[in-house]
Structures are given as structure tokens and as C-alpha cells.
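The working numbering puts the first residue of the sequence shown at 44, with every later residue one more than the last.
Treat the hints with care, since some could be wrong.
[Stated by the list, open to error] Cβ pair distances, simulated, as ranges:
(1) GLU319 <-> ILE285: 20 to 30 Å
(2) ASN127 <-> ALA161: 15 to 25 Å
(3) VAL349 <-> ALA107: 21 to 31 Å
(4) VAL181 <-> LYS264: 15 to 25 Å
(5) ALA203 <-> LYS229: 42 to 52 Å
(6) ASN242 <-> PRO387: 47 to 57 Å
(7) SER199 <-> ARG270: 17 to 27 Å
(8) GLN286 <-> SER174: 40 to 50 Å
(9) TYR378 <-> ARG270: 27 to 37 Å
[What the hints assert, rightly or not] Cut-off 30 Å, straight-line C-alpha distance, at most; resulting in silico cross-link-like pairs (DSS-like, lysine-lysine):
(10) LYS129 <-> LYS384
(11) LYS180 <-> LYS355
(12) LYS180 <-> LYS264
(13) LYS180 <-> LYS122
(14) LYS333 <-> LYS264
Hints in this document: simulated from the structure, not taken from any laboratory.
Keep in mind the model is a prediction, meaning the values are calculated, not measured.
Note that CB positions come from ideal geometry on N, CA and C, so glycine has one too.
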Amino acid sequence: MKISASALTAGLLGTVIVVLLAIPMMLQWERPPMHSEQLGYRGLGMEQITNPRRAEMLAALNKAPVPDDPVDNDGVLVKDDTENYKNVQVLGDLDTAQFNRLMNSISTWVAPQEGDNAGCAYCHNVENMASDELYTKVVARRMLQMTKAINTQHKSHVQATGVTCYTCHRGQPVPANVWATNPGPKQAGGMAASRNGQNVGGQRVPAYASLPYDPFTTLLKPGANIRVVAATALPGGTGRSIQDTEKTYALMMHLSTALGVNCTFCHNSRQFSSWEQSRPQRVTAWHGLKMVGDLNHTYLESLTNVFPANRKGPEGDVLKVNCATCHQGVNKPLYGFSMAKEYPELSVPNP
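Please construct the entire structure, taking both the sequences and the accompanying hints into account.
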């Protein structure tokens, strides 16, 4: 049988097109072997699937730093040593030795890099440590208040493990995983304007490009109603739109990626909405979402007039936190290492 040159060319071209289309799909796959762990009763399919090669990378990313050596109290409170310590508004009840240990640790957690702005100089005018002229000092004071609030007011989520500045910062002035309101690219008029905050390449939540790329603005705030499952048959129900459902799903995909887990880490997939059939971890996650909304509203948005423009999003709002800010790919930040136990001064109520 004789094949014409044009048919051969067409066949080769078709093969090339198929290969090119397959490459993006293959990039989403993970090669075996994978590790499977049963979480629920047999037959429910509640299994946690992990990639052992990715686990090695996450282990390096979530290695806890060695805490500074403990120090003996010198018997003098910061608030009483007004000659050496001025304008200390949050940590005045600390012994001066404990205060200096904590300040040294914070410089390591947040600004260890070389240069003029390393260490103490990142937040302080080193010629006048009491001055609030650097915005970073005002922010740091508010972040200390936030850290203490997490450890004392949100124990339903963080339990006794707690957090320190390192939990989010990991040695960087700005945590790697923060967000601001994302308006997306400018749109044309008419039907092209009806994008509903989704279907834009390069701007997406993990897993699916068709999902809304900013579920955080509406759902990671106090009072947000994330649950969208209808309680009655159509056309009644909750009165929530398909877009609301898509935002909830986008947020759930964020949680899954941020914690490095499957949906069945919290839910029984035979009935996602049922609390009775869910794992206890779902309750912990619920408290975590409430905590994130409170932190964004109470502590971070209150700094809107403090942060410079280069530390804000395209809409002028401050950078805020989500689940990935602390978790960074694992279901317990730093694999559950209790940094707060090493720094108990960050687990007492704010003055």
C-alpha cells in the first residue's frame, strides 16, 4: 500500500499536536510509587495519598529552627527599667533578659539576611531604638499582638502547639504565602466582561484553572458563609449561586494544597456536608478558617495606613494570610514542633 506524502505529513502533524496537548496533562500527573494511608473505616475510600518525593522536599521546607538557649531572669522587668527600655508597649511585663532573648530570636525569624537592614535595623533606628519612625517597627508590634492572640484566643485551632513569628516568616521579612484582592487582568466590554473572576491562565487557585482565582476576599473574612450545600430541593435551597459554590470549591482546593492532604482528610466523601460522618480534623479546620478571618480583619487590615504601597496588593489592600501562610504544604506547621513552648512569653494575653 502506497501512502502519499501529504497523508504522511498530515499524520506526523497530528501526532505532534497530540504530543503537545498531552504534555500539559502529563505535568499534572505524579509518577508512582505513591504512599496510601487509610484514614476512615474500611470500604469508605477515606485514604490519604502522598508523594514520598514531595514529602522529602516538604521536610526540608518545614524544618524548625533551633531555639535560642534559655536565659536566667535578671530580676528586672522591662517596664521598670525606663532608662534603657522606652516605648515598649506589648512586652513590658517581660524580664529584660527574656526580652532580649526574644528580640534576638525575632531578628533571626524575620530578618536574618546580610546588609544594612539585617537584624535589629530591619525594624529599629539603631541610634534611637524607641523611635517608631520605621513602619516595620509599627507592623512588628502589631504582629506580636497577633501572635499572642493566636496562642491565647484561638486554641481551638492551634491547641498547645501555638505559633511564633517563624511559623509564617521562615526567615523572610514577608511570608512566602500571602494574598491581596486580585481583580485579574483588565477586561473588554460586552460579553467578554462576564468572566466572574475565573478562566484566566496564570491566575488560579491550585488544581483547576477554571475556578475563581480569588476566593479569599469574600470567604476569608469574619462572618463569611462558606457552606453552600442546599438544604431543600430546587428551586428553593439556600439561595446561593453557582458562583458561590465555585468559590467554596476553590477555597477547599486551596486548603487541600496548603495542608498537602486529600479532601478525605476532613470529609467523608459519601456525604461531604455531614459533620457526623466527618473526621475530627474538619472541626479543627473550621476553627482555622474562623481564625484566619479574624486575623485578616483585626490585625492586618488595621495596618492599611501603615504599610507602604509596595507592600500592598493591586487594589491597595494589605497583604493578608491564608492557610498556606502557616502550613506551607503540611497538615501541621513545622510538623507540629511547638515553637511556642520554647517562647512561653508569646502565649500570654495582650496587655
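Quick rundown of the hints versus the structure:
1. GLU319 <-> ILE285: 20 to 30 Å: With Cβ atoms ~27 Å apart, the hint holds.
2. ASN127 <-> ALA161: 15 to 25 Å: holds, 23 Å
3. VAL349 <-> ALA107: 21 to 31 Å: 30 Å Cβ-Cβ, so the 21 to 31 Å window holds.
4. VAL181 <-> LYS264: 15 to 25 Å: Roughly 23 Å apart at Cβ, these two residues keep to the hinted range, so it holds.
5. ALA203 <-> LYS229: 42 to 52 Å: holds, 48 Å
6. ASN242 <-> PRO387: 47 to 57 Å: Check passed, 49 Å falls within 47 to 57 Å.
7. SER199 <-> ARG270: 17 to 27 Å: Given range 17 to 27 Å: holds, Cβ gap about 18 Å.
8. GLN286 <-> SER174: 40 to 50 Å: holds, 48 Å
9. TYR378 <-> ARG270: 27 to 37 Å: Hint holds: Cβ distance 30 Å, inside 27 to 37 Å.
10. LYS129 <-> LYS384: holds, 28 Å
11. LYS180 <-> LYS355: holds, 17 Å
12. LYS180 <-> LYS264: holds, 26 Å
13. LYS180 <-> LYS122: Holds - the C-alpha atoms of LYS122 and LYS180 are around 18 Å apart, at most 30 Å.
14. LYS333 <-> LYS264: Distance ~8 Å between LYS333 and LYS264 Cα, so the pair holds.
Violated hints are absent here; each numbered hint is respected by the structure.
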